Amino acid sequence: MKVIILIFVILSGGLLIYGTMDMPAWGDPQSPANSYVSPRYIEEAYAKTETPNIVSAVLADYRGYDTMGETTVIFTAALVCAFLLRKNSDEDEDKS
Amino acid sequence: MLDFIIGKFNFWFYVILMAVGLFAMLAKRNLVKKLIGMNIFQTAIILFYVSIGVKKGNVHVPIIVGGHGHEGELIQAADYLNPLPHVLMLTAIVVSIATTGVALAIIIMIYRRYNTLNEDEIIEIRQKQLEAEV
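First to last, the protein sequences are chains A and B.
Position one of the first sequence corresponds to residue 2 (the numbering used here), numbered consecutively onward.
Position one of the second sequence corresponds to residue 48 (the numbering used here), numbered consecutively onward.
It should be emphasised that the hints constitute simulated quantities derived from the structure, not laboratory data.
None of these values were measured; they are calculated from a predicted model.
Note that CB positions come from ideal geometry on N, CA and C, so glycine has one too.
Far from chain A by the CB rule (all over 10 Å, computed), these chain B residues:
#, residue
1, V79
2, I83
3, I87
4, Q89
5, R173
6, Q174
7, L177
Rough simulated footprint, nothing fancy, chain B against chain A, three-plus residues with beta-carbon under 8 Å:
#, stretch
8, 6-17
9, 29-39
10, 42-56
11, 59-70
12, 75-86
Isolated chain B, as found in the complex:
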């Protein structure tokens, strides 16, 4: 039981962080708060993936020690962290920045048109507009 807690506690933090993000996305009425919730959700997944690449013990970050000029030395895989989750999450961070930017631009457009960011008020205004058109 103790091994289970010590071995897996990091995943629980990411699950909690993901639950916070999901709750913010579903329950908050303010659009900016929803967007922040989405960012927290993405951060939880990025942290989860990065934590998969961790190796315990005396290991280096995935940069060859000494750099150029060490061609002859044998590189042991056990001496370096797993670089692949880092690479994939670099891609995910780029996509997350792009989605956040587009979402913020759309939120600015919504605010210009309706003068509010509250979801309920926007739906109310929109319904009044639709009734006026009919």
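This is chain A alone, in the form it adopts within the complex:
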């Protein structure tokens, strides 16, 4: 079974390495990710949000609602952990 999994993993890894042939080179300033959307954020973030840290400006100002929704994710995860791990008195009956 492990041999089949190893072959599958190597095949998928080879496919991904084949896919990197179309990726831009590492650190290329003209790569698509660095040249279409991000210059606007870098140039305007400080003037619009008064936050020197651009990452914080995008996270908390441009994507503020997304970050607020993220707190819901963390809250739900904490709630699930609390419900799963609490010591409930009727656990013995539940086991049956």
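Keeping the supplied structure of chain A fixed, place chain B upon it in accordance with the hints.
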């Protein structure tokens, strides 16, 4: 060929890291080891995205040099790293922490009920239970 190797070698490390994580998720029988494999997988993807935002040359981290009090100076996009992959991966790290926490809680529950974390043993115990019920 040499340009190809020098330009793309970072992606290969992430592919190798991802393959290690995928193998651990599929082949390991211990549930905690499976979870560690999932974390390695997520780390590989996070590193991949962060590496997309890199610019070679004399560039700063995405914090405006001088900070407050430099309103008049022109900010050149070529002088700063791409901040957007960092922001998106910050979100991904939060989700990864949440999934890891919930998965660990579920693993603790499984251990309390079956007294083992080995997948095969859990399936065996469960089948015996089902046969006993029938």
